[in-house]
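Trainee: Heads up: the sequence lines are chains A and B, in that order. Numbered according to the working numbering, the first sequence spans residues 3 to 741. Numbered according to the working numbering, the second sequence spans residues 3 to 741.
Honestly, the hints are just simulated from the structure, not real lab data. There may be inaccurate statements among the hints.
So the derived list for chain A, only partly shown, Cβ under 10 Å to chain B, looks like this [unchecked claim]: (1) Arg87; (2) Asp221; (3) Pro224; (4) His309; (5) Ala382; (6) Arg467; (7) Arg480; (8) Glu482; (9) Ser604; (10) Pro613.
We put the CB at the ideal spot given by N, CA and C, even for glycine.
There are 2 protein chains.
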Amino acid sequence: MRLITRLFALSLAMIATVSEAQTRETLLGFDDVSSETQRELEAEFDSHLSSSELDEWLRIMSREPHHVGSAAGSEVVEFVAGKFRSWGYDTEVVEYEVLFPSPRTRQLDLVAPHRFSASLTEDSLAEDSSTSRIDNLLPPYNAFSIDGDVEAELVFVNYGTPADYEILDRYGISVEGKIAISRYGGSWRGIKPKLAAEKGAIGTIIYSDPADDGYGAGDTYPDGPFKHESAVQRGSVMDMPTYPGDVLTPFVGATSEAQRLPREDAPTITKIPVLPISYRDALPLLEAMGGEVVPPQWRGGLPITYHLGPGPARVHMKLEFNWDMVTAYDVIATLEGSEYPDQWVIRGNHHDGWNHGAADPISGLVALMSEAQALGELAATGNGPKRTVVYAAWDSEEQGLIGSTEWVEQHATVLDERAVAYINTDGNSRGFVNIGGSHVLEKMANQVMNDVEDPQTGVSVAERRRARVEVSGNPQARAELKSRADLRISPLGSGSDYSPFLQHLGIASLNIGFGGEGRDGSYHTLYDTYEHYTKFRDPGMEYGVALAKVAGRATLRLANAPRLPFEFTALADNLSLYVEQIEELAEDMRTETVETNARIDSGVYALALDPTRSFAAPLHKEEVPFFNFAPLKNAMDALEQAAGAYAKITISGAAANEQQNKLLFTSERELTRDDGLPGRPWFTHHIYAPGFYTGYGVKTIPGVREAIEQRQYELAEDEIYVAAEVIEGMAARVRELAE
Amino acid sequence: MRLITRLFALSLAMIATVSEAQTRETLLGFDDVSSETQRELEAEFDSHLSSSELDEWLRIMSREPHHVGSAAGSEVVEFVAGKFRSWGYDTEVVEYEVLFPSPRTRQLDLVAPHRFSASLTEDSLAEDSSTSRIDNLLPPYNAFSIDGDVEAELVFVNYGTPADYEILDRYGISVEGKIAISRYGGSWRGIKPKLAAEKGAIGTIIYSDPADDGYGAGDTYPDGPFKHESAVQRGSVMDMPTYPGDVLTPFVGATSEAQRLPREDAPTITKIPVLPISYRDALPLLEAMGGEVVPPQWRGGLPITYHLGPGPARVHMKLEFNWDMVTAYDVIATLEGSEYPDQWVIRGNHHDGWNHGAADPISGLVALMSEAQALGELAATGNGPKRTVVYAAWDSEEQGLIGSTEWVEQHATVLDERAVAYINTDGNSRGFVNIGGSHVLEKMANQVMNDVEDPQTGVSVAERRRARVEVSGNPQARAELKSRADLRISPLGSGSDYSPFLQHLGIASLNIGFGGEGRDGSYHTLYDTYEHYTKFRDPGMEYGVALAKVAGRATLRLANAPRLPFEFTALADNLSLYVEQIEELAEDMRTETVETNARIDSGVYALALDPTRSFAAPLHKEEVPFFNFAPLKNAMDALEQAAGAYAKITISGAAANEQQNKLLFTSERELTRDDGLPGRPWFTHHIYAPGFYTGYGVKTIPGVREAIEQRQYELAEDEIYVAAEVIEGMAARVRELAE
């Protein structure tokens, strides 16, 4: 064996050793003895989990479409609440009155160069009986599209992202007065009508391209898991990056007596009508388009040449909605803590689905329920949690995190006082564990991942994830496996119910799921059924049980640790990475702008581009100044020092008193400011936010990062000071804890 | 303006200055005075070129299918020879008797899971009358496929390259006893049956995928230039990387009295039958396949999910060919040099097409003819070339460079003595100049590119090419624009008639064409017509004229320069790049092998890969040793020093005597060795060769590079010495010239 081989094999061996060592290591927040007790408790917890029970609950709850306001939805609420009660929980069903648009008129016709009427309907399939239980079905639509009756030529905008519009500009094509047709993907769906409206479009059509999500991805349902030709991805298009939750009651719970905005003033309803369609319906529209052929990266999987338009394809789209007030039901089930009843560990998953919702959300909900059942059984034998555990099954997540947001807004004061952490799950699948969240919980999350066995391979879920990185071909990620003891957890953007906890109130949060092997094209379609899920996503529900083990351990450790398992070196490490990224972003934009401007001025584009085609040089951009990053770096320095000092205490295994624990769990609040992010005050967290133009995708240190991205340079300078202050505040808190 | 902007703008300004300076600079091989005279001559040469004449000749010669052995082919030969004679050339039509397989039986049927018979026929189109002149049409086939009658299940092999078979291995799929279905692209077509046969397949089908070359690339014919659904790319599959030319007469001209191999011993005929088909015919075959879904990069543009097989699709393929001997006619037209009649500048383009052949090859041939006409007119007014210029119109290029190879083989001795250089063209198009060839001619090629105006923009074709690199987004190429005065010319692999000159005899060669803007899907199909060419490739034939200007200048400068415009610093510079690349290749393979082996041994693949699917870990590979590159580097050192010394003489503008000029033009012979490359003695050049497993794609320093790529480590060590010797030989020659 050559030296280099030996060194490499050695480093792999070291990883294995580290990971074995971690398996045995003292749990963060516990001492050696309580650590062992906790692990024994968790083993007992595991013994109460049953995959067949998960399967049974999944079957029951995904039998019918059960969206907010539906009869089947109420049945699910009763089923869940009944289970919680039977397991000894103090269970209440909390009600909110929320605005819920459902379709009254959906009409989409190609009117030129020839006529075609889109069916806008999904096929029921003989192979899946669930797809015939559709009495209560919400047909395909985008919730919080405005009403509209428009007719115009089509322009193809690819994914409809800011970068796509820059390309269209270079073709000299505007969507002004046109209807933008966009494919799903590339950004959260709500960004597509938002940006199209900003650019002057009068309507938006969103379709699922078969290259991304259909026969191009794999065999289609029912032969395989991917999108049936008639399938349509429903989904909300409310402007969640401005604020999620009921559109009429920002900042306050949507109780019956809440003050409401007039609907016409609600800023998160779209400005133009938007409708999702299948690729079967999209084909005749796209085929009828003319104009320049799309650039290579924009081509989809339909058997046609894609064109940019505008026209000659011209469509008439008419959308009318029932703007009803409906009741959303959150199930809130509490198990009071034996030692610290006023410290709440909150664990949630939504219960409403767009349709049958087997994968989304029931596959996650059944894991949560089995955790709650097991915790209840532990409590019944005297091993109840030391802190209060609150289980939540949220309603109306699909329309815009409504059930969770309203509850958080209503209980903001008490949550600010008492909420230790929020642990979220949503649709689950088979494969690799994925944990995102607050980096103060990264160390604990790693200890949990080291302690849970992967159902398929028998190694820990952490080890399996490492293996995936190891074979991934990403050299940077591989290098980090060797240089860093823990796996990074990813920062959270939006897309599930953690948003109000983390980003509105500054409650440390985790979002947990498995995936990467369960294949899927059922998302938000008629085909998200029990049959689909158990055939293609998690047959046997073993990953449902694994999810319960991971989320359950996180809950139990937060509930029982003598010293809360918060830790700050991982926060400092990840934050320093974000600061570096932002410096690089500014540097890259500066260089790119200067070089592109110089190329434009020199005339090389005119020489290089085909004079017979319309694709032209990019537009001149304002140059990017140098920013003063010193305040951020000084703040990072202070945080790193403080985190190092506090780490000594966590290593000692010393317990904390109630006040110290409160200082620990409220530390995440230091990362927020009451006046929120520029232009969106609801988002108070200055480290994690969904991107204003990405939607679900996270922007870290968003005030600074987005100001630079959007070339608002003075704002960027201001936001550097704000972010630095926030980090200095956290550093001060950690210093206090380290004393 | 910020400093960085100013610096960048300044560097662009410097480029412009350099390029203006080059326009005025003394021509390599001339002194200040003769340089001016030469430029005046070239201006007069230009005045004789006529785009309307090119258009007229194109129309005439692409009226009918005119492949080797056809009546229309003989008419083209007569037309070309007649023109040459009328322009005062000593013109002969040289005949070779060559083996030419044409189809007798072509049958392809899907026999399971249901029946379908492929039409194997291209549609005549009302919009293009040429496509109805098909009496003499060669139907779609691959020349030099062996006869065969096979039936087996299909396996999808993507592009059928070595890398693709490594992926199939990981799926546990073998083509042993199966029929491989491959798409065009990714390698030269002949590699597909060659490799499939090596892997045990009993037949190969090649189709054009619409993603690569059909509606996925752009609008299809006749609406646009891209491949019609019925179009089939014909083409030779003879094993040209072993030797090109008549399969029965390697190394010797295929005169009527030549010794011939028995056909069954001809090593360059395929081992298994192979047939090309359209995507219309491919669709039912691919749709009927099962097995694992292909990896994402393998997906094509048909509206189906692509599967790897094997089966259940099963096909029966029957191919029989007429193995006829036919006569190939090369037109050889000579204008004797006034001062050095025994120094020959050879300029060639083939005349045979697969069908009408408007683009391939007539668009290049008409440029050559207009050059010859202009040269004839210069000669008629007393301005004939100082060296002999030989114009050649080759036959049977399409079947495997047959006309040129036989002529070169027959005249090897005299060419070795007299051939100064060979300048090749083939199908032309609109856009950017592209010159490949011997790096001893790189400096001259750059001076030519600086002196010819681009028809669309009015700047030099060199400047337009620089502009394209400048906006390309390739930072390395951009950086080189600033650090290097000249554009690199690319090393030559194979695919046109330069191969026998350069790679068999070591005659310095150039291959010249324009492209990048003329769009195309007509290659080797029924749709390569006058109508297609003049609508989509070079309307107005302005790039035909530009090609004549570039190739004409190269010819005239080589013919008239007092000192032949050979130069060695560019050779040294490019060679040192190749040596660096090979060192990096070895290093990357070494690291990759060690790391992959370690990963295999550690078991991470088993953990990372989906246990429910068949995709497995790669196979263990033999480790890569460290090689002794010192001999190559010492040789490079010697060459760089000698090239620097000789550069002083070229700068002085001193003329050379006949003997010095002969030392110059035979210098390229130093790069060859009589015993050729390992396993393929016909290829004697040790710097440039087509890849044994890429076909057309070049491998530089091929003995060393391919030995390493193919993990033949002892051979690699030996080949380093051979390559070093060859470079040392060149260094010695250049030292002699510099004395």
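Trainee: Mind checking the CB of serine 604 (chain A) against every CB in chain B and telling me if the closest is under 10 Å?
Mentor: 5 Å, holds
Trainee: Grab the minimum C-beta distance from proline 224 (chain A) to chain B and call the hint holds if it beats 10 Å, violated otherwise.
Mentor: With a minimum Cβ separation of about 13 Å from chain B (threshold 10 Å), the hint on proline 224 (chain A) is violated.
Trainee: Double-check alanine 382 (chain A) for me: the hint is only fine if its C-beta lies closer than 10 Å to a C-beta in chain B.
Mentor: 37 Å, violated
Trainee: Would the hint on glutamate 482 (chain A) be counted as holding, given a Cβ-Cβ threshold of 10 Å to chain B?
Mentor: With a closest approach of 15 Å, the glutamate 482 (chain A) hint is violated.
Trainee: Holds or violated: the hint that arginine 467 (chain A) contacts chain B, with Cβ atoms closer than 10 Å.
Mentor: Because about 9 Å separates arginine 467 (chain A) from the closest Cβ in chain B, which is inside the 10 Å limit, the hint holds.
Trainee: Identify whether the interface hint at arginine 480 (chain A) stands, where standing means a beta carbon of chain B within less than 10 Å of its own.
Mentor: Since the shortest Cβ distance to chain B is 9 Å, the answer is holds.
Trainee: Was the hint right that arginine 87 (chain A) lines chain B, CB cutoff 10 Å?
Mentor: 38 Å, violated
Trainee: Please check whether histidine 309 (chain A) passes as an interface residue: C-beta within 10 Å of a C-beta belonging to chain B.
Mentor: At about 8 Å, which falls below the 10 Å cut-off, the nearest Cβ of chain B leaves the hint on histidine 309 (chain A) intact, so it holds.
Trainee: With chain B as the partner, please determine if aspartate 221 (chain A) meets the hint condition of a C-beta pair closer than 10 Å.
Mentor: The hint holds - aspartate 221 (chain A) has a Cβ within 10 Å of chain B, the shortest such distance being about 5 Å.
Trainee: Hint validation: proline 613 (chain A) versus chain B, beta carbon distance must be below 10 Å. Holds or violated?
Mentor: With Cβ-Cβ at 5 Å, under 10 Å, it holds.
The structure fails hints 1, 3, 5 and 8 (numbered hints given earlier, in ascending order).
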